Amino acid sequence: MRTRRAARAGQYAALLGYLLFLAFPLLWLLSTALKSPRELGSPHPTWIPRHPTLANVRQAFTEQPLAHAALNSLLVALATAVVAVTLATPMAYVMARHRTRLARAATGWVVVSQAFPFVLVIIPLFLVLKNLRLIDSLTGLVLVYVVWALPFALWTLTGHVRAVPAELEEAAAVDGAGRLRTLVSVTAPLLAPGIAATALFAFVTAWNEFFFALVLLKSPGRQTLPVVLTHFIGAEGVADLGPLAAAAFLATLPSVAVFALVQRRITSGLLAGAVKS
Amino acid sequence: MRTLAKALVLLLLLAGCSAPGHRDGGPITLRFQSLAWQQESVAAVKDLVKEWNATHPDVRVEYVQGSWDSVHDQLLTAFEGGEAPDVVHDASDDLADFAYGGHLADLTGLLPARLKSGIPPSSWRTTTFGHGVYGVPFLQEPRVLIADAARLRAAKVRVPTPERPWSWTEFRQVAKRLSGPGRYGVAWPLKEPVSATLNLSLSAGGGLFHRDADGKVAVRFTAADAVVPRTIHDQVAVDHSAPASTLGSGGSDTLPGLFAGRYAMVPLGFSYRQQIAQQAPKGFRWQVLPAPAGADGLVQGVSPQTLSVAAACPHKKEAVAFVDFLLRPENMVRLALGDWMLPTGTEALKDPALHTRENGWATGTALAARLRPAPAQSVRGYPEWKDKVATPAFQEYYSGAIGLGELRGRLEKDGNLVLARYQR
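Residue numbers (our numbering), protein chains in the order written: chain A, 1 to 277; chain B, 1001 to 1424.
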């Protein structure tokens, strides 16, 4: 009994250590955001600011349009997640359920398309968007992000669809359910965790993306949060550390919030049907 | 499903916007992309744009906030796509490819006489590529030594001035004298070792890049080029008057060590004074000293900040008029003070605000006449040479992994192979 308790305590200690390790960047960012310039230059950095101040947060919001940029980022990230999942789900279903040569070739192409680096595609992409009059437009940016997120979304969702036994759909058909009814009542609930995870991935990717946003958006009113954050960085990487940390910390919060919201659905969905009753 | 579709349409409608572009028949609109980033400099630039717009109703300037981070890639894409800003803020060492690529307007016949004569020829050389002038250099910063005044006084060393600077040999001796257990005479933050080394090497007569009669550039690492690298190497590896730990650091990373008395001096760009003034603990006395002088005196290389006009800009005359307004002597001073840098203009340099001893302004201003174009300024292929050959070679040399012969070999042999590809 004592050994079991000790083992449990060890497990919790290890888990706590791992959590601290994961949370370190965020906690350090918070600590930096609350320090004065003088404390930031101190040779003996401390975890807890000696004289905590919100001056950096105030400066960040006064100097840059952070709230507006955050709204732009939120719109773009939500639209990307919704469009990517809406397009990828039926495509993934077809690719998983109909294993034709075309489906296999499409899967291969999806994998290959992930290999192209940003810099290789940016100029042709820029020209295409220019012809579509979508430069300096959030719609254009959403389009790019959807295209960028789609292969991965398709790939992961195909795996999730494959994990749903086809026998369940056949059983529903035997019970008289039509194709649409089967998809809505049987397949969709089982796919929900996969859809949620994929949407989360698309959201976080779009929320954090910098380079496309930098190149494609020109007007200050349309810039997204990662672009605005770089305005705290000068030539040769010199940074206005306090306001940058304050703004960066605030920028991480929506991702954390969205993850916290979706996480329960992911885990509950993953566990559903794991045990035969 | 219907709700989802509605939400999607709503999101896309909210997200959808279109670019304003130039107005037809109305006033001209110029887009000015500024890279100012510090609170004071952003305010100064925005104020100047506001003043221009108030006095020039026919030529409206739209302020666009750019970013030093990835500015080259961002501009390249915008140029290639024909969507570049009309007036572009950048640095002279980033202009060569844009100028040779035909993306920037040749300002030779467009520059007003006042602006042309107000900036010295050595500064104009930083933006001259071939026979054209592709930008107006307006702000620059020499590399200086930021020193702990108390440590200098305690060690009773001669404090250098622009009139009587230290030689590189004297600098090495002083750094040794300022060192002790756990304390170093100097800390070299050499995260970007190439530009720092090359620019300082001009003082010793180094040039590294030599243009032959046929116009082709070749790397030749002479004895003069070895003076600065050898000094740094020996301070780290032989004298131990400089720590090896800062060789991979940026300038800001060394400041806590300077404030704590761990380092007596740190070679930094002139604009770092702003951070030091902001972060230095109360009672910490710091001093700006000129960088050591070599056979060529206090000469050093710089890559000034520049204002250029896009080749595709349909209103070049108006764009140059705006640049001329921004860079009037009194405005140049405002921009310089905002960025804690030096103006290039000779009239602007006379401003009393730049001659005060406070925060070391006077020392920096006294160095302005000795600033020359950075050696790599107009060398095509320099970015690749720097990233693939020179940066790793200098880093390995400074850390003691390779010797001077190996450094020379790599810079010349591997380096010339890279440059040759750009000069066929």
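None of these hints come from the bench; they were simulated from the model.
Keep in mind the model is a prediction, meaning the values are calculated, not measured.
Note that beta-carbon positions come from the ideal geometry of N, C-alpha and C, so glycine has one too.
It is possible that part of the hints are untrue.
Claimed, not checked - Only some residues are given here: those of chain A computed to face chain B with a beta carbon under 10 Å:
{"#": "1", "residue": "F24"}
{"#": "2", "residue": "P37"}
{"#": "3", "residue": "Q114"}
{"#": "4", "residue": "K130"}
{"#": "5", "residue": "D240"}
{"#": "6", "residue": "L241"}
Said to hold, decoys possible - Here chain A is said to cover these stretches of chain B; the calculated rule only asks that three of the stretch's residues, wherever they fall, bring their Cβ under 8 Å from a Cβ of chain A:
{"#": "7", "region": "1073–1081"}
{"#": "8", "region": "1404–1414"}
Claimed, not checked - Residues on chain A that point at chain B, a partial pick, calculated with CB under 8 Å:
{"#": "9", "residue": "P43"}
{"#": "10", "residue": "V112"}
{"#": "11", "residue": "F116"}
{"#": "12", "residue": "L132"}
{"#": "13", "residue": "I135"}
{"#": "14", "residue": "G234"}
The hint names Q114 (chain A) as touching chain B; please verify it with the least Cβ-Cβ distance against 10 Å.
21 Å, violated
Is the interface hint for I135 (chain A) satisfied, with its Cβ closer than 8 Å to some Cβ of chain B?
6 Å, holds
Can you verify the interface hint for V112 (chain A): is its Cβ closer than 8 Å to any Cβ in chain B?
At about 24 Å, which exceeds the 8 Å cut-off, the nearest Cβ of chain B leaves the hint on V112 (chain A) violated.
Should the interface hint for F24 (chain A) be scored as holding, given a Cβ-Cβ cut-off of 10 Å against chain B?
With a minimum Cβ separation of about 19 Å from chain B (threshold 10 Å), the hint on F24 (chain A) is violated.
Using Cβ atoms only, decide whether G234 (chain A) comes closer than 8 Å to chain B, and label the hint accordingly.
5 Å, holds
Would you check whether L241 (chain A) satisfies its interface hint, that is, whether its CB is within less than 10 Å of any CB in chain B?
At 7 Å from the nearest chain B Cβ, L241 (chain A) passes the 10 Å test, so the hint holds.
Measuring from the C-beta of K130 (chain A) to each C-beta in chain B, is the shortest one below 10 Å?
Where the cut-off is 10 Å and the nearest Cβ of chain B is about 5 Å from K130 (chain A), the hint holds.
Given P37 (chain A) as an interface hint, is the shortest Cβ-Cβ distance to chain B below 10 Å?
Holds. Min distance 4 Å.
Against chain B, with CB atoms and a cut of 10 Å, does the hint on D240 (chain A) hold up?
7 Å, holds
Given L132 (chain A) was flagged as interface, is its beta-carbon under 8 Å from a beta-carbon of chain B?
11 Å, violated
With a cut-off of 8 Å between beta carbons, are at least three residues of the region 1404–1414 of chain B near chain A?
Check failed, 0 qualifying residues.
Coverage of the region 1073–1081 of chain B by chain A, judged on three or more residues with CB within 8 Å:
holds (count 7)
Against the hints set out earlier in the document, violations occur for numbers 1, 3, 8, 10, 11, 12.
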